[in-house]
Amino acid sequence: MSLASELKVPSHTSTKILASQAANINNNLIIQPLHLEISLRNRRVTLYRGKNRIKSYPIAVGRQNWETPIGNFRVRTMLENPTWINPFTGKAIPGGDPENPLGKYWIGFWTNGKNWVGFHGTPNPDSVGKAASHGCIRMYNNDVRELFYQVNMGTPVTVVR
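Here the numbering used here is used: position 20 in the sequence shown is 73, and no number is missing along the way.
Calculated from the structure, these hints are not laboratory results.
C-beta atoms are modelled at their ideal positions from N, C-alpha and C, and glycine is treated no differently.
One or more hints might be untrue.
[What the hints assert, rightly or not] Quick list of the computed label-pair ranges, beta carbon to beta carbon:
1. GLU152 <-> ASN105: 35 to 41 Å
2. LYS104 <-> GLY149: 34 to 40 Å
3. LYS104 <-> PRO176: 31 to 37 Å
4. GLY149 <-> ILE83: 35 to 41 Å
[To be verified] Listed below are the simulated DMTMM-like cross-link pairs for lysine to aspartate or glutamate, each with C-alpha atoms no more than 20 Å apart in a straight line:
5. LYS183 <-> GLU120
6. LYS157 <-> ASP179
7. LYS157 <-> GLU199
8. LYS167 <-> GLU120
Assemble the whole structure, with the sequences as input and the hints as a guide.
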């Protein structure tokens, strides 16, 4: 079915007007995809729908020698109450344990096959706004919960300086 027949456009309507109307209709009806942009310099992650900024959140980023990777990625894992594995000892701390530094939500977007980088909460809210993590994006617990319920597997994540 053509767009003209779906819109019930009279046959005498010019093609030029129809193209303009179609562009406006498409912009209003097609839901643009979400994507995230992390600014390491500004220590913020911004959620976009298409080109429209939805919300920006303060973050902590990787500290020296544990820098957050730069590039284009996609959300690869999403977990509630994630288990944390200490990168030095290999000791696992289960989700929900007060000693678990990940909080209640994990949004993973990078891995080298052994280590992961992602968004998570923190029991140390004073670290947000600093270069303090092992490469991960620390967020206030309420912010990462909000973000968790907005993004999906496959959501693009861009990390820039």
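Verification of the supplied hints:
Evaluation of the 35 to 41 Å hint for GLU152 and ASN105 yields a pass: the beta carbon distance comes to about 40 Å. Between LYS104 and GLY149 the beta carbon distance is about 39 Å. The supplied range of 34 to 40 Å therefore holds. Between LYS104 and PRO176 the Cβ separation comes to about 36 Å, which falls inside the hinted range of 31 to 37 Å. For GLY149 and ILE83, the hinted distance range of 35 to 41 Å is satisfied, since their beta carbons lie about 40 Å from each other.
With a CA separation close to 12 Å, the supplied pair LYS183 and GLU120 stays within the 20 Å bound. With a C-alpha separation of about 18 Å, the suggested pair LYS157 and ASP179 falls inside the 20 Å cut-off, and the hint holds. Under the criterion of a C-alpha separation no larger than 20 Å, the hint pairing LYS157 with GLU199 is consistent with the structure, at around 12 Å. Only pairs whose Cα atoms come within 20 Å are accepted, and LYS167 paired with GLU120 is accepted, the gap being roughly 16 Å.
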